[in-house]
Amino acid sequence: MRRALLLVALLVLGSAHAAEPKKVVRDIIPVAETGFDPAATSDLYSAAIMQAVFERLYTYDYLARPAKVVPMLAESMPVITDNGRTYTIPIRRGVHFSADPVFGGKPRELTAEDFVYSLKRVMDPTIRSPWSFLLDGKLVGLDEEAAAAKQSGRFDYDRKIAGIEAVDRYTLRLRLKEPDYNLPYVLAHESTSAVAREVIAKYAESDGRAMSNPVGTGPYVLAEWIRSSKIVLEANPGFRDMKWNWTAQEPGDEKIVAQMQGKKLPVVDRVEVYVMEEDQARWLAFRNGEVDLMNMEGPLAPNAIEGGKLRPELAAKGVQLQRIVDPEINFIYWNMQDPDLGGFTKEKIALRRALAMSYDVDEDIRVIRNGQAVAATTPIPPGVVGHFPDWKPTTKYDPVGANALLDRFGYKRGADGWRSFLNGKPLIVNYTSRPDSLGRQQEELVKKSYEAIGVRMDSRKEKFPEQLKLEKQCKLLSRTNAWIADYPDADNFMQLWYSPNIQQSNGGCVTMPEYDALYRKSIRLPPGPERQALYRDMIRLLEVYAPMRLTISRYRNQLVQPRVLGYKKHPILASTWQYLDVGADTR
Amino acid sequence: MLAYIIRRIWQMLPTLLGVVLLVFLLFNWVGGDPAYVLAGKISNPDQIDNIRRQLGVDQPYYIQLGIFLKQIVTADFGSSWSTNEKVSHILATRLGPSMTVLLPLLFLETIVAIALALAVAYVRGSLTDRMVMIICTVGLSVSILVYIIVFQYVFAYKFGWFPVQGWGNDVWENLWKYSALPILILLVVSIAPNLRLYRTFVLDEINQDYVRTARAKGVGENRIMWVHVLRNASIPMITHVMAALPGLLIGAFLVERFFSIPGIGREVILAVERSDFPVIKALTVYVAIATMVVNLLADLMYKAVDPRVQLK
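As given, the protein sequences belong to chains A and B, one line each in that order.
The numbering of the first sequence is the numbering used here, which starts it at 1 and goes up by one.
The numbering of the second sequence is the numbering used here, which starts it at 588 and goes up by one.
Hints are computed from structural coordinates only; laboratory data are not their basis.
Don't take every hint at face value.
A few chain A residues facing chain B, derived, Cβ under 8 Å [said to hold, decoys possible]:
id: 1; residue: G252
id: 2; residue: P465
id: 3; residue: K469
id: 4; residue: K472
id: 5; residue: K475
Where is the CB? At the ideal position from N, CA and C, for every residue including glycine.
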């Protein structure tokens, strides 16, 4: 009888255990994903999924700010020799790709050769990777291989190149043409994630891109995908034994560490990601408890945030607000190749400086951004290595000063109040914006600013692809540009005005030999006082010659339901679900 | 009849060619060059050229147009430039969600609007008739966006009768759980214009001699309305309903966006935002073909409903 009772008790306990609800976290992306091939996909929201499915050699410390690179699939940080030209990276042993039919039912271990293949893919012209600039011109022999592939139409992955070499099964060696202190950031970027060659061979389309069958070594696998609607990730049962083990870095981290320390990763069994394009749908879904995480952007923010703090009714419910300044800058540039606005004569510099001084950044923050932004004071935003927290910009909103400057340099006002160029031609500045509500608001503010100093603005509406096209041909005179960090180092921002990057990322087509010389010096230096001194001079050059006017950096407001544990918004990582836990669903 | 159908199908070809030329011209004129977006944040002219070559947009226009025509003949529009997903797969997977919302809607809005139109036409000129028309006019004046925002807020969020958004893999769950509120909203939006229109069709018939004759012969009012009047009023109603059918192919993008329904309407918007020409091309051509086929079907139905109609 007792045995029978014991058996019944065990059965009940067993079934209770089997019925234990899965831990589920629900998140939102506001724009539909495009696909999950690390080398081929460039949108932020697909990156969020890929960062959970694939892994890189390096990643970022979950808690450290500014973001700090730490090993992921690498056993340790690289051993750098040959005056910064050779990186030797030991690969973690016993890491396996998630199960897939292509592996024939056998565990497939990650090796150094997988990284040789994955890094080469980024430069394969057939795949047309939007991230090829991360490796372009850096590794010995890789550009030549890519050029040969362009000619032949096929990238020879089997040909050995000196720049990327598997020394043995677990050691990768990278040889650089020039020292590059940003290489660890590149190796932490999702485009350099490890993919298995046989998986790509099986699932890739004719263009070599495998967008629909992500197979990585990460903590999650793609379990369900309703395109443009819902993506479900489930814990990878073969994920290596890994514990939550981050150290508190700043106030508030202790609570996260206490909640999470020592838990086996991933703690959350299932991640459901919903594509919700409309503000109202996102907000109501969050209020309804249908989702656990939500980013509150511009127009929505006042619903949840008041004076930079969570509204009391939400705080009373235990909702958490994580607020960081995005590692980005917004700026208005003027084409330096334009015969009227470009150039370095005193009157041209005065004109651009006056235009810069006419722009009221506070109004931009208040009216366009609903208070969800801070003034960008330098081209290096907060949270990025090299940021100057105490920088005092010399360009300030000063319409009186701007008018005086224009008067002084001979930009005369006519009887109608509008100014003209020195040659008598009407002073009209062409400004291009996108045909959406943000573009319209930006255009109105620029127009209002210019009009306050007697400068007429001629507006032009172009869709984003057309803007890029004109910009890369140096045919766009002025627009508001935004740049968000690809990696959290000042170099990613300071390169925006380096003249060899004209037709690439230097949208204002700026050529300043003095700036170029300083930039070339800066890329040979590691982060530190010597590099900061160069950046200081470069920023002053940008202020003096005014090829652009810095405007704002946006806040990223992340709302988190009370049941989510261990959340800290990361400035670079697009997703951090693997580091979270969730309590009971109280909906 | 067969000769008429063959002639109509033959006439579709120049119309379709016109649509193809228009789409091609519009895309190349205002569509933007997708290579610059696909190339990523930092790209050089070589990379842009490489992408343009791979997409085929570096070819002379006549070759691009030839490829477009070949795609129509083979019904193979290739893959999306943004996602690499086969266009045929996009259409196959996105039409289902749109139909889950729009087919029940079309059925309901037609039945309800006809029934209400007959009812108010029956009491034409009365206070009820006038009140219904005033409500319809007010309803027509309100933007669909307002209906969506208010209904989603009130019925999904405040009352919790429906989920705010979502979609699953189960057809019945999608129909009863996720589509119910979008259908309700679209029904409310469509009833007002349809009711007014159908009422006019019915009133046009009610004053005809045959109705007076039927009444004089002692035919019941219900039979007059539901059999005699409805049959004669059905020709313009069929035209109206059939004209709405090709619209099913382009979905209902606003409700699809607000309720996160992975339908074809959202896909159209995404394709336009991404300058994804293969998707835009396929959808435009299929909608044009559907419109022409539906028009032909409508003409054939006129004949079935009213034998007096002669198809020439």
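Which hint numbers doesn't this structure obey? 1, 5
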